[in-house]
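Given only the sequences and the hints, what does the whole structure look like? Please build it.
Under this note's numbering, the first residue of the sequence shown is numbered 1, with each subsequent residue one higher.
Honestly, the hints are just simulated from the structure, not real lab data.
Please note: incorrect hints may appear among the correct ones.
Dumping the calculated DSSO-like pairs for lysine-lysine here, alpha-carbon to alpha-carbon at most 27 Å [stated by the list, open to error]:
| hint | residue 1 | residue 2 |
| --- | --- | --- |
| 1 | 167 | 66 |
| 2 | 72 | 155 |
| 3 | 66 | 84 |
| 4 | 66 | 155 |
| 5 | 60 | 72 |
| 6 | 187 | 72 |
| 7 | 187 | 155 |
| 8 | 281 | 187 |
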Amino acid sequence: MISELVDGPTIFLRLKPRELPPGKAQPAAARYFFILVVLAWCGQRATAQITTFQWYDLSKYGIEGKGWTDTKAYYDRLPASAEKMVREKVWTLSHHSSGMCFRFITDAESIGARWNLINAELSTVHMPSTGVSGLDLYVREGTRWRWLGFGRATKAGENMRLLINGKLRPGRREYLLYLPLYNGVSKVEIGLPPTAEFLPAPDYPAGTKPIVFYGTSITQGGVASRPGMAYPSILGRGLGLPIVNLGFSGNGQAEPEMAALLAELDPSVYVLDPLPNLSPKQVTERMPVL
Numbered sequence: 001m002i003s004e005l006v007d008g009p010t011i012f013l014r015l016k017p018r019e020l021p022p023g024k025a026q027p028a029a030a031r032y033f034f035i036l037v038v039l040a041w042c043g044q045r046a047t048a049q050i051t052t053f054q055w056y057d058l059s060k061y062g063i064e065g066k067g068w069t070d071t072k073a074y075y076d077r078l079p080a081s082a083e084k085m086v087r088e089k090v091w092t093l094s095h096h097s098s099g100m101c102f103r104f105i106t107d108a109e110s111i112g113a114r115w116n117l118i119n120a121e122l123s124t125v126h127m128p129s130t131g132v133s134g135l136d137l138y139v140r141e142g143t144r145w146r147w148l149g150f151g152r153a154t155k156a157g158e159n160m161r162l163l164i165n166g167k168l169r170p171g172r173r174e175y176l177l178y179l180p181l182y183n184g185v186s187k188v189e190i191g192l193p194p195t196a197e198f199l200p201a202p203d204y205p206a207g208t209k210p211i212v213f214y215g216t217s218i219t220q221g222g223v224a225s226r227p228g229m230a231y232p233s234i235l236g237r238g239l240g241l242p243i244v245n246l247g248f249s250g251n252g253q254a255e256p257e258m259a260a261l262l263a264e265l266d267p268s269v270y271v272l273d274p275l276p277n278l279s280p281k282q283v284t285e286r287m288p289v290l
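Written out as structure tokens, the structure reads:
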């Protein structure tokens, strides 16, 4: 269990009120002031710790979840050639890093991350910043992945966060880090204490092919609270297979140019779910081609 992996304080505070004579209430201002002081102290401690970390740029090790390597920007989901093929809205959404992740092994007792966001909109009216622009960390326990922590973005550009509260108990483990669902990144780094081991996780067995998902906002991960909670990622963890997320919010319209791009890939299976963005006429015309 995760509670068995992490030692140390969390940011969830349970405060015991100071005992007062009967009939007198604990001053609210004093309680709030104390909470603010504790949170500020924890924040300063975390900042001081993370600034000593050694950083590992994920683009140097290879990210999981890309269907093409010949992309205009490293974390794009479509190849550079698609810019002149697909509609502008699809091309813009292809800069979102939905479905991309990185597996690594470390014996670190703390794990941090730095990531540069390309869009200023960190959240939407119906989706929190943890899902739109945040990072999501899992740890392998036996044959299962368990959620461990997250990084919440607070600004456009560079964000730097400890991904877990407290301190991991000693041990070498495999971790899985998911990238934002509805924002793009120009750079992502994992930070570890200087003495900690860092290794990319082993590749999947020879011959393993990804599952390719094509669809709408449901596929991209719309309204998920964290990147790892998009359904393609849940299925990928459960099946132990790599996935490629080609969900395009409001724009999964099964155009012939998308069918041509999908045909360039060699997955184990395609999961096609563009119907919520199609009219009955478009279903009749486009789905047979797709």
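Here's how the hints hold up against the structure:
1. 167 to 66: violated, 32 Å
2. 72 to 155: holds, 24 Å
3. 66 to 84: At roughly 19 Å apart (the allowed maximum being 27 Å), residue 84 and residue 66 satisfy the hint.
4. 66 to 155: holds, 26 Å
5. 60 to 72: holds, 16 Å
6. 187 to 72: The given pair, whose Cα atoms are some 14 Å apart, holds under the 27 Å limit.
7. 187 to 155: holds, 15 Å
8. 281 to 187: violated, 41 Å
Going through the hint list in order, the structure does not satisfy hints 1 and 8.
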